[in-house]
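K.L.:
Keeping their order, the protein sequence lines are chains U and Z. Each residue of the first sequence is one higher than the last, beginning at 1 in my numbering. Each residue of the second sequence is one higher than the last, beginning at 1001 in my numbering.
Since the hints were derived computationally from the structure, they do not count as laboratory data. Only a predicted model underlies this, so the values are computations on that prediction, with no experimental measurement involved. Incorrect hints may have been included.
Said to hold, decoys possible - Among chain U residues calculated to face chain Z with C-beta under 8 Å, some are:
| # | residue |
| --- | --- |
| 1 | Gly3 |
| 2 | Lys14 |
| 3 | Ser22 |
| 4 | Lys23 |
| 5 | Leu26 |
| 6 | Gly92 |
Glycine included, every Cβ here is placed at the ideal spot set by N, Cα and C.
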Amino acid sequence: MSGYARRVWMVVWKDALTERRSKESLNVLVFFSLLLLFVFQFALGPERARVEAALPGLLWLGFILSGLLAFGRTFLVERENDCWEGLVLTPGDKSAIYLGKLAGNVLVMIVVEVVLLALFAVFFAIDFTPVLPGLAAVLSLGTLGLASVGTLFGAVTAQMRARELLFPVLLLPAVVPVLLASVSATQTVLSGLPLADAGAWLKLLAAADLVYLVVGILTFEFVLEG
Amino acid sequence: MIQAEHLRKTYGPTPVLDDVSLELGAGEGLTLLGPNGTGKTTLLRIIATLLRPTSGSLRVAGADAVQEPEAVRGALDMVGHGSWVYEDLSAIENLRFWAVMGGRDAGEARLRAALEEVELEASADQRARTFSAGMKRRLALARVLLGQARLLLLDEPFTGLDRAGRKWLSEFLLSFKARGGTLVVATHSFDAGVGVADRVAILAGGRIVLDRPAVALGLEDLRRLYDDLAMGPGTAS
């Protein structure tokens, strides 16, 4: 494994171990998902057609709200005991830290998405299994886009005093293309249409992911240095 | 090792450091004394390349620390207020993380040897959350041992340590210096600070108002000078 890859892996390993022991983020996110589902259930009522029409939007609303909680916390652990300073002073390409944090956020989001899908399936009696491969493809691309921007803005706002206010204000406008494309592609997949019918949205999603990822890799060093 | 000329750092209109110049050779130890808010931490952070000076020039380990901070970072290490310890990782996991991030040998034997050197081998697998302030500082120093730092910057390293801890830390710093390492220690502790230094500097109002060889200063002389220069004439500490 190259030095760069080892450093990426080390950041993932450290964050995963910290999360496994503290359970600070996942416990909150799973509980938050449960609350969201209760709210959605009350808002939509039992009418099947309404649920199906709103489902793609609700799914992504759940993902982005959970993401807001998760991504905003990404770099807070680095503030404790001034670990941030240590990261700044580590020699080598700082984008390894960004990619490690991004991978950690994607892992957290995968867990949250699996929980949310399971809760939707139970609360609204929806069977996702026939559309699961297509849905997984859309979720993968959408999650990568959200996490790429969320990780970068998590770092930008981590050192700010009003970070809880600034983080969503910065993040939400930036992820509009990802959300638009993800909701539309999810709608196509959930309607039972082939994934190819959402080709244009998937291309937009892939392009947005690429742009966000490259911007994150190129700018992270400046963000870290403050 | 350090050549700083006319360093100035301002936050808005307020100068924190004003025209600070100092030179420190390899293997030398400098203790920075001064009241709170006189710029000791700011000066350390500038030397560590964590802050950019507003003006002035700084060379560390032969490289321009303002223009090429990356070239400097491999040569230095720092133990600040926070000690860079992840509370939910064990001592050895903390060392492994920083060793890999610094591109150093992260072999189990090497990590355990470093912990042994700072007398933390019995707590190697305990989470840092359970450590005292002194143990966290030892863990930070174990991290220093893993690197090849030639310059070690310490901010208030003696704070919160008992007598035995202070003695141990002084011996550690002297042995670092004996191996050719350069030390800059910012402290309020006169006796411990002077004990590890070749030179003592007093910062007041963002300026170095005294810079003398430690051997030329008795503790009483130093206290008197500190009171006169940093606290104002006629002030008793």
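K.L.:
Minimum Cβ distance from Lys23 (chain U) to chain Z below 8 Å?
P.N.:
Given a least distance of 10 Å, the restraint on Lys23 (chain U) is violated.
K.L.:
Quick one, is the Leu26 (chain U) hint okay against chain Z at 8 Å, beta carbons?
P.N.:
violated (14 Å)
K.L.:
So, as I understand it, the hint says Gly3 (chain U) touches chain Z; can you test that by seeing if any CB pair is closer than 8 Å?
P.N.:
Nearest chain Z Cβ about 6 Å off; hint holds.
K.L.:
Under 8 Å is the threshold here; is the Cβ of Lys14 (chain U) close enough to any Cβ of chain Z for the hint to stand?
P.N.:
Lys14 (chain U) check passes; min Cβ-Cβ to chain Z is 5 Å, inside 8 Å.
K.L.:
Under 8 Å, Cβ to Cβ, is where Ser22 (chain U) needs to be relative to chain Z, so tell me if that hint holds or is violated.
P.N.:
holds (5 Å)
K.L.:
Any CB of chain Z closer than 8 Å to the CB of Gly92 (chain U)?
P.N.:
holds (6 Å)
In terms of the numbered hints stated before, the structure departs from hints 4, 5, listed from lowest to highest.
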